[in-house]
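The chain contents come next:
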Amino acid sequence: MHWIILPVVLPALLAPLIGFVMRHDITLARVASVAGTVLLVAVAIGLAVMAADGTTHVYRLGNWPAPFGIVLVLDRLSALMVLLTAVLAMIVLIHAIATGWDARGRHFHALFQFQLMGICGAFLTGDVFNLFVFFEVLLIASYGLMIHSGGKERVRAGLQYVVMNLAGSTLFLFALGTLYASTGTLNIADLAVRIPQIPADEAALVRVAAMLLMIVFAVKAALFPVQFWLPATYANAPAPVAALFAIMTKVGAYAILRVHTVVFGPGVPGTEDLAGAWLFPAAIVTIAIGAFGVLGARRLMPLIAFSVVGSMGTLLVAVAAFSVPATTAALYYLVHSTFAAACLFLIADLVLSRRSSDTLRPQTPTVQNGLFAALFFAAAIAMAGMPPLSGFLGKLLVLDALRAPGIIGWAWTAILAGSLLTIVGFVRAGSTLFWKSTALVTSEPDAADKTPAEVDAAQAPATAMQVAPAMVGLAMLAGLAIFAGPVAAYLEDTSTQLFDRAGYVNAVLSPAEER
Amino acid sequence: MEILVASSIGVLTAGGVYLLLRLRTFPVILGLALLSYAVNVFLFASGGLAIDQSPILSKYGDATYTDPLPQALVLTAIVISFGMTAVLVMIGLGAYLEADSDRIDIAAQDIEDTDDTDQTEPEGRA
Chain A
101 MHWIILPVVL PALLAPLIGF VMRHDITLAR VASVAGTVLL VAVAIGLAVM
151 AADGTTHVYR LGNWPAPFGI VLVLDRLSAL MVLLTAVLAM IVLIHAIATG
201 WDARGRHFHA LFQFQLMGIC GAFLTGDVFN LFVFFEVLLI ASYGLMIHSG
251 GKERVRAGLQ YVVMNLAGST LFLFALGTLY ASTGTLNIAD LAVRIPQIPA
301 DEAALVRVAA MLLMIVFAVK AALFPVQFWL PATYANAPAP VAALFAIMTK
351 VGAYAILRVH TVVFGPGVPG TEDLAGAWLF PAAIVTIAIG AFGVLGARRL
401 MPLIAFSVVG SMGTLLVAVA AFSVPATTAA LYYLVHSTFA AACLFLIADL
451 VLSRRSSDTL RPQTPTVQNG LFAALFFAAA IAMAGMPPLS GFLGKLLVLD
501 ALRAPGIIGW AWTAILAGSL LTIVGFVRAG STLFWKSTAL VTSEPDAADK
551 TPAEVDAAQA PATAMQVAPA MVGLAMLAGL AIFAGPVAAY LEDTSTQLFD
601 RAGYVNAVLS PAEER
Chain B
-19 MEILVASSIG VLTAGGVYLL LRLRTFPVIL GLALLSYAVN VFLFASGGLA
31 IDQSPILSKY GDATYTDPLP QALVLTAIVI SFGMTAVLVM IGLGAYLEAD
81 SDRIDIAAQD IEDTDDTDQT EPEGRA
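For the record, the sequence lines run as chains A and B. Just so you know, we're using the numbering used here here: the first sequence kicks off at 101 and counts up by one. Just so you know, we're using the numbering used here here: the second sequence kicks off at -19 and counts up by one.
No wet-lab data here; the hints were simulated from the structure.
Here are the simulated lysine to aspartate or glutamate pairs, EDC-like style, with alpha carbons at most 20 Å apart:
1. A/252 - B/78
2. A/252 - B/85
3. A/252 - B/80
4. A/252 - A/458
5. A/536 - A/458
6. A/252 - B/82
Please put together the full structure from these sequences, using the hints given.
Right, dumping it as structure tokens:
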């Protein structure tokens, strides 16, 4: 039963091997990285099958009993998130290799594997301090990926990103110190036992810790008022890296779901009303920021980055309700928005690498203008939430789950108006990029001062391998829409299991079976 | 002793936040370093302060001991924050060499107008 730790150990072993042994041979590194990611997908599918029956599997490192040793916990939610990570990583990796992004700087594949290790670890761990460690692993790899292939703008944006996240990590440690001082444990299941025993009028310290943790996770999830790092970071990161970062915001959303449900969740005196009360208005404002950002963006990459902010707002509005139907909707939307954002970034990379700048103004049309326009159109309607792709169903599920009298007005207004603004923003961007361009005469003055070789390189048609990852991502969205019924049923089981706090606690804290 | 530890954490945090808001690479790095010192002392104190006690459970029930877990947590936190500071120094240095400015808050369009940057330089230093 060592399968549970494989998503952490496999990339952790592969990354230094790629970094040290294969650093001079990009082909070898590519083969190893793809092989590792294929294995990760296989392991993730295996784990999802293992968790599908509803048991909570616990892996005790060193076989130490739970509150004393570190545990990894696999339930439906963790398995789902690991599988999502693995599939997304596969898509992004193929794109990065096919477009040659991985060869434009050093150590792409090693950092990529370390990133996967951190993300999978964060989804699997059952200990909040361990969660901090995995956060740091995924962050330090993301710093390297963010400034991959360099450039003035990118390194400066990377510096802001690093400073922001280091401040966030410090806050995380303050939260953990407060939590440990008031409860004497950092195991999630043990916390879930001890915090309800604290009387409501003595829970001030625990409330402080809960809010600090929420701020830390909100930084990761790009929630207002700490969302400001995301547009600059995603817009300046290499496009495949930005596509991989689509899962990073979901790490924050997952952490809020896990910690604020199991530890501080419903039924805990003192902290149960805390998360939802603050999360809901913040998420509403986040939707507004995302929508106005999409409308006001003058370049394509910031436009997509703001649409990611808006989708995180929609996701967290559903999370803020902390109920089984709303969490089901949130999980469906989470899977959808991960693939939608990744697709948009990958398609933007295909288009922008053939244009001279990513400013949204008409330019001579690139090769395969029709193909890119069709791909962008499909990904944009998915992101904006139009039928027939899964964005529509995701938003419908979220709206359906948020029908309580106190929240329906704000939630529906924000989501529907936000969707409208997002649609307008994407329509404007798409028609400027693809339609107005065709009206221009082909001989533009800025093409004249380039050598023929440069023009050829910029106008090379995309190969099948370059388009395939974005197509697969769109196929995932279509699949998510076609099989919405079974997927939603599975996700409902997932959120029921998440809210079954007693089941989680019993599985983790029960004594290890004899071997 | 509690007042000493608490006030030193407070002073370190205040200094760290102040330096973090200076928006130049070097003060920001120092500020984050001060913040990480503050959080390390804070974590150390989170198990309760005990003087002259060993971090081991005694077999005699009435013997007191100091909580060993925060010490392990602090060790992890120190290693991570030290490594992160090194990474930050390298990226900060790279950004300074590439952009020829150590400000970390300039928006993209400000960099394009180089004349503008020269004029605002003395003001930023004051």
